[in-house]
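Participant: Residue-level listing of the chains:
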Amino acid sequence: MAESVDSVIARYNSDASRLMDILIDVQSAQGFIGDPAIAKIAEELGLSTADVEQTRSFYHFFSKKPTGKYAIYLNTSVNAYMMGRDAVARTFEVEAGIPFNTVTRDGLIGLFDTSCIGMSDQEPAAIINGKIFPNLTPFRVKELIRDIRAGKSVEELVVEGYGDGQNSNPDVRAVVRNNIRKIGPVLDPDYKPGEVIRKKLTEMTPQQVIDEMKRSNIRGRGGAGFPTGMKWEICRQAESDEKYIICNADEGEPGTFKDRVILTERPKLLLEGMVVAAYAIGARQGILYVRHEYEYLKTYLEKLIAGAYKRNLMGKNIAGIEGFDFDVRIQYGAGSYVCGEESALIESAEGKRGEPRDKPPFPVEKGYHGQPTVVNNVETFCSAVKVLLHGADWYRSFGTTDSTGTKVVSISGDCRYPGIYEVEWGFSVNDICGMAGAEDVMAVQVGGPSGSLVGASDFDRVLCYADLSTGGSLIIFNHTRDLLEDVVLNFTSFFIEESCGSCSTCRIMPVILRDKLRKILDARGVKSDITDMLEWAKVLKSSRCGLGQTAANPIVTSIRNFRHLYDQKIRGEMRYDTGFDLTRATQEGMAATGRYTHAD
Amino acid sequence: MQKPVIATASLAGCFGCHMSLLDIDERILDLIELVDFNKSPINDIKEFTAECDIGLIEGGCCLDENVHVLREFRNHCRILISMGECAIMGGLPAMRNGISVRECLEEAYLNGPSVRNYNEGKVLPNDEELPVLLNRVYPCHEVVKMDYFLPGCPPDAELLWQALTALIHNKEMDLPYEVFKFD
Amino acid sequence: MAELSSFTIDGLKCMAREGTSIIDAARQNSRYIPTLCNLEGVPPKGACRICSVRVNGKLMTACTTKLSPGMEIENDTSELNDLRKAIIEMLFVEGNHFCPSCEKSGECELQALAYRYKMEVPRYPYFFPKRPIDASHPRIVKDHNRCILCKRCVRAVKDEKGRSIFAFLDRGFETRIYVDPDLAGQLTEERARKAVEVCPVGAIMPRDEAFKTPIGQRMYDKKPIGSDV
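Residue numbers (my numbering), protein chains in the order written: chain A, 2 to 601; chain B, 42 to 224; chain C, 3 to 231.
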């Protein structure tokens, strides 16, 4: 029997700020969130249906209509297409007998598109009722649909054997593979959980912790690169009784999957990092915000947190430090890239739409529930533990002066060894290609869609905050790829799909640019279309958050670095072409009146 | 010096913009001194007999015939001007954009209250001679290149006069705020 | 009372209280910064981005950014004015804005800004989206064709328990305003009037009243928006 809406609401004490969790649990229990459920939630939480609907409708994995007993979400990322998504998707449609974004009439199977699910090194991949099915082929799809029709449970659909490392942990049981290709000081398996809390925190004042962080020169690993020590210090100095630590495990940048591997293989290191940060800023509560796509790690992570409490590494008087109390809860997302932006993430954790906030004030001043909050990336917390363990000087011995330490990068695309690599800052794009066994490389997308598409002439550029800054997504394309059609159009569509819609600029401009790009791809482009795109994209710089500000990067950086690809597509002899096609424009009118000939 | 030649057309419009052109009152006499008119409903010249300097287009494109006329204007006029809201953004005819052509035709010829009882054969006009409805109404500049845009519904007579004389004398326009309106 | 701080707008020395929003601080110094989504007495949202200014070189929205002493603000520059015009044009192509048939024409803030920035034609292609007119509520008509998603109604109009009557639905280019059917049904006359008043365009209209003011006497017929600053 599916759990009732009442019982879900009761579990969260009718707390409106836990609306996300309530919706997640109702979706999970019933397969959809219909009008009666929405009315019930609104009534019990003292909200209007409008209040509930605005949150419900924001997230990709909340559905107002039933999504099928087996809800299949097939990834639409560029990596999925490179690895044969078209054939896989077609097979799903043929075998299920329905087009995507519909449900079979018997309610058994639902097929849906979804943005990057963090499996770029094992695409095409789908999520079926929360479980990951990577490395799909048309053959495998036929098996899956056959087994679904035969009444097998989602667990029974797995035939591949579980993945490496903790993927085969009884609490995980995922087919997912870690593909760790290079280990550095952060991913070092020779790590004793709790050592820093017990041996270092007990001997250091919070200020000393912050000073050590500042001295290490470590900067945020999510991509923006804000100095971590400074962030902690500002938050520590903010006047408030309540402060919060939030770990951003919402990695949604297409091509990134390193946090998934850290969550799987080094979760204790991450949790320890959150405790360290809590000690430094004086926080009593923490939230681990994990993207919905990693729901399969839920039980595993919950048990680890419970274990930390048992070992006095969380909870009251941690490690015997009088008055040092810190609780952590997991907050799952529900399918939204923009929630990786720290203020949108906070909104989401408060049960609202994931719309970024205007800054200032920054979260360190006014964050979760209006209180000072540090939001850091998974990798930042992990690195912080190592900084304290071995000292700032040790940490600074890695990387460059400007970008100290190491970076865990996710490499995917056209290469023999996709996976994650922990490397020192300062490595070049050439190094990446060499490391991953990539040949005949035409382009590398550094930093995911919001980063830059770089070509051969830039392959000696290095990854660091001062040059090519990245949160860790590196996608390699060889010369068989059509960069504009396969990559730039895909990325631009991704930004359209994931825009929160709150800023006029980010809501509208990417759609205008995509249409313009399509016009060029349809062989109707002229030279001014290229200059228009560059000129028009500028309005995006006035958007509120990074998503909007970078939404034109795929187009702008590809024009800058691969101009010849555009020049080949446009009609050089034409000065003006609106793209208007009289034959196409009259088709509907001809058909409606039963006429068949038309002379243009 | 030869006088500049002007041509005008009303596509999917209501002739209101042409009326507004006549609304320049006695200055119409000055205009005739300044320019010659070629193809235009004002003088009823049906075909181009000369290459023109300025083409004034009222209305957007809702039929294939509008597209043909507009393209002809583009070929014969050095400067082409979108005159009024319909030419600029489709105007009221474009309110049908978003409704399928079939639904429009059926409402007009089969289901509408004024035709419901009279179209016994339930026929949608389909003679080959009739122009074909486009899938939606297109602003002129989404079909051919337009050089200037004079908004208004209709554009204020003062705006039309100022624009024409500025073009003819190759001067900057100096428009008072009140004449630049969309309604 | 807090002391006045000095700052500059386009190089001109200005004074206002620290912590005032830049948009208000500018107004107090007779400098106009255009806006569509900002509304006095309602928390700012920075939705339309039209009030973007450069603060010490950085693009910020003037409605959400608080004044601090010594700020050097760029406002009336060709870069920013073109940015604003571009945003206005984007809003015009995003929806279906048929000014000639709109009851709000002449009193519409979007149209008035287009006049002020002399928009002859948007530089972008029109989308002509298919959008409904929702006339199911007893006191108001919600015309989604004209909605620019400024969130003014969402922020300014709540019921007596603080619950939302208007809210955003979906996201990105699909975003639209959801009108709570129950609460809209119980809307008091006062709240209905407020919803109509706060809407900068003709997207929320009263059911029983239209074209009240003759052409020539409407708010923006004679004087551009911002003339009162």
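No lab work stands behind these hints, which were simulated from the structure alone.
Please note that a few of the clues may not be correct.
As the list claims (entries may be wrong) - Calculated lysine-lysine pairs in the DSS-like style (CA-CA distance at most 30 Å, straight line):
#	chain 1	residue 1	chain 2	residue 2
1	C	Lys132	A	Lys353
2	C	Lys163	A	Lys367
3	B	Lys163	C	Lys163
Participant: A separate judgement is required for each hint: does it hold in the structure or not?
Facilitator: Outcome of the hint check:
1. For the hint pairing Lys132 (chain C) with Lys353 (chain A), the CA-to-CA distance comes to about 28 Å; that is within 30 Å, so the pair holds.
2. About 25 Å separates the Cα atoms of Lys163 (chain C) and Lys367 (chain A), which keeps this hinted pair within 30 Å; it holds.
3. Taking the CA atoms of Lys163 (chain B) and Lys163 (chain C), the gap is near 56 Å; set against the 30 Å cutoff, the hint is violated.
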